[in-house]
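All chains, please: the whole structure from these sequences, using the hints.
Anchor point for the sequence shown: position 258 equals 258 in the UniProt record's numbering, and the numbering is continuous, going up by one each time.
Where hints are given, some of them may not hold.
[Unchecked claim] Straight-line distance between alpha carbons at most 27 Å, and here's what the computed DSS-like set of lysine-lysine pairs gives:
id, residue 1, residue 2
1, K558, K434
2, K565, K434
3, K434, K358
4, K554, K565
5, K565, K454
6, K454, K554
7, K326, K454
In short, the hints are calculated from the structure, not lab data.
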Amino acid sequence: MCSADVLVSFPFADKVGLIETAVMMAAPKSWRRLVYSVYTPVLTGLFTRISDRLFRTRNRRRGSSVLLLAPLLAEADPSPLPVFRSPGSTGVQGTDGLRARFRWMAEHVPAFRVPGTHIHILTSPDQFYHTMKARIKTAKRRVVMASLYLGTGPLEQELVDCMQEALERSQEGDNPDLQVSILLDYTRGSRGQTNSRTMLLPLLQQYSSQMRVSLYHTPDLRGLLRLLVPQRFNETIGVQHIKAYLFDDDLIISGANLSDSYFTNRQDRYVLLENCGEVADFFSDLVGAVGDVSLQLQTDNSVSMMYGMVHPYRGNRDDFSASARKHIMEVVNTARARQHIAESERLVRESEGEEGGKEDTWVFPLVQMKPLGIQVDEQVTQRLLTDAGPGATVFLTSGYFNLTRAYMSLVLGRGADYRILTASPEVNGFFGAKGIAGEIPAAYIHIARQFYSKVCQLGQQERVHLHEYHRAQWTFHAKGLWYYLRGQVRPCLTLIGSPNFGYRSVHRDLEAQIAIVTENQVLQAQLQEEQEMLYQRSTEVSSSTFQQPDRHVKLWVKLLTPLIKNFF
1 MCSADVLVSF PFADKVGLIE TAVMMAAPKS WRRLVYSVYT PVLTGLFTRI
51 SDRLFRTRNR RRGSSVLLLA PLLAEADPSP LPVFRSPGST GVQGTDGLRA
101 RFRWMAEHVP AFRVPGTHIH ILTSPDQFYH TMKARIKTAK RRVVMASLYL
151 GTGPLEQELV DCMQEALERS QEGDNPDLQV SILLDYTRGS RGQTNSRTML
201 LPLLQQYSSQ MRVSLYHTPD LRGLLRLLVP QRFNETIGVQ HIKAYLFDDD
251 LIISGANLSD SYFTNRQDRY VLLENCGEVA DFFSDLVGAV GDVSLQLQTD
301 NSVSMMYGMV HPYRGNRDDF SASARKHIME VVNTARARQH IAESERLVRE
351 SEGEEGGKED TWVFPLVQMK PLGIQVDEQV TQRLLTDAGP GATVFLTSGY
401 FNLTRAYMSL VLGRGADYRI LTASPEVNGF FGAKGIAGEI PAAYIHIARQ
451 FYSKVCQLGQ QERVHLHEYH RAQWTFHAKG LWYYLRGQVR PCLTLIGSPN
501 FGYRSVHRDL EAQIAIVTEN QVLQAQLQEE QEMLYQRSTE VSSSTFQQPD
551 RHVKLWVKLL TPLIKNFF
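Here it is as structure tokens:
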């Protein structure tokens with residue numbers, strides 16, 4: 001999850017213990033500000049580490065723990081997938097060449113073949129919003145929506161009204177089998193008196209047999225930590241961050257949430273897969289599986305678990321993770337086995353002289369749920385960056401530039417050329433915020449400067465370039481990458497979805513994206529246009545960038561950033 005998805009408000013002294021309050025009153029103002037800022041999530045992190053050490057033995061003996069046993073702050077680099085290079089795979093193009101280069105993905109995730117003409121790149125928040133509204137209204141069998149949260153403004157209410165219109169029509173006999181399933185994060189969706197739950201409650205009460213609202217709760221927010229960490233801050237522990245919007249056999253994969261800024265002036269990425277039933281079935285099953293291990297919203301606004309499911313914060317943490325992992329990976333493995341059979345049958349038909357179809361594009365769903373022991377996306381992304389050799393070009397974008405150590409090592413190693421796009425301070429979601437939150441853009445400036453300095457120290461300025469997105473009155477939230485093979489002017493692969501390439505995405509949250517591999521020239525042109533559109537609004541970072549007055553970073557921000565960057 002990117003930090004803009006968590007609205008930061010720092011607690012006053014009455015939310016700190018008595019001792020902390022006394023220290024604050026005695027300390028200089030600048031020191032008080034520093035301690036307030038680190039209270040959460042830094043104190044949360046320290047509490048996590050202490051509780052983990054104190055209660056690890058107890059958990060082994062008794063099978064449960066009163067306190068949170070969350071991941072430690074230190075990163076662990078997973079082993080990348082084994083490298084396979086088929087003969088002649090370097091610089092290949094065309095269906096067979098791309099199949100040879102990227103077929104290793106199919107050994108780990110489902111590989112769906114679809115016509116490239118069925119995939120469309122959406123380019124604006126307005127187009128994203130109106131596409132969803134139109135497809136909700138015409139859905140006949142299913143509407144499945146997974147997001148961090150649903151906002152509470154008039155634009156979000158229009159989405160809910162579209163669902164109500166579709167459900168009303170279904171009860172009139174037009175499409176009586178219509179089912180609506182919503183998956184959100186529990187902590188973010190429950191924040192405040194008016195929230196995602198209250199927005200959806202009237203629909204649930206009126207159409208309880210056709211409506212399901214699931215609220216995922218991370219297993220790492222439990223025990224004393226759950227009692228002590230206030231709202232807003234509890235989202236830093238981990239959330240449901242998948243963004244998938246499904247209408248019958250049409251599917252939108254994005255990084256955008258269901259909130260008004262994402263419909264108006266917050267730039268993200270969005271891909272529409274039309275009439276792709278197998279891909280839609282997969283994401284419907286995936287969202288359903290996560291929903292099964294989530295809290296279920298009831299008509300009285302209470303929540304409960306489905307019968308037989310382990311409770312995420314009252315039950316044993318290891319039992320919950322193991323059960324959830326089994327439930328979710330069953331969806332992945334079943335789809336992968338089914339696609340292997342289908343691909344084998346297709347190859348047999350082709351060998352017998354039958355002409356192949358127009359499925360010139362592959363869609364690989366990548367899931368990352370480290371709290372549940374699932375790290376497919378992380379491994380595939382590392383493998384892609386590892387295989388991106390000299391001559392290839394990778395355009396990588398993240399609204400919140402905070403690469404994991406493993407990703408940074410691969411980017412800075414000798415390999416492909418990189419063009420990295422991130423938000424300039426003025427399009428950061430926290431730009432202009434009051435109090436400590438207003439210093440978050442400065443923390444990202446500090447991270448970017450450290451990265452740029454490393455590039456210069458290694459003499460990689462000709463190979464690794466950092467760009468900043470600018471747009472007046474807009475914010476920037478786009479994420480993903482475009483992969484250009486050596487000698488090619490258009491990308492043959494893109495990653496698009498919810499991950500940010502940062503620590504949160506890899507270690508704390510539930511994430512999903514898709515890898516699209518295509519030799520369809522029209523789709524390649526769409527991807528190129530999307531990439532160029534974003535980068536045209538950017539400027540390249542140089543050493544002079546960080547000398548500008550608006551790039552000054554206060555000392556306390558520099559000191560604090562290393563302590564909290566793993567919560568970004």
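Taking the hints in turn, this is what the structure says about them:
{"no.": "1", "hint": "K558 x K434", "in the structure": "holds (19 Å)"}
{"no.": "2", "hint": "K565 x K434", "in the structure": "holds (20 Å)"}
{"no.": "3", "hint": "K434 x K358", "in the structure": "violated (54 Å)"}
{"no.": "4", "hint": "K554 x K565", "in the structure": "holds (16 Å)"}
{"no.": "5", "hint": "K565 x K454", "in the structure": "holds (17 Å)"}
{"no.": "6", "hint": "K454 x K554", "in the structure": "holds (21 Å)"}
{"no.": "7", "hint": "K326 x K454", "in the structure": "violated (41 Å)"}
Violation of the numbered hints given earlier is confined to hints 3, 7; the remaining hints are satisfied by the structure.
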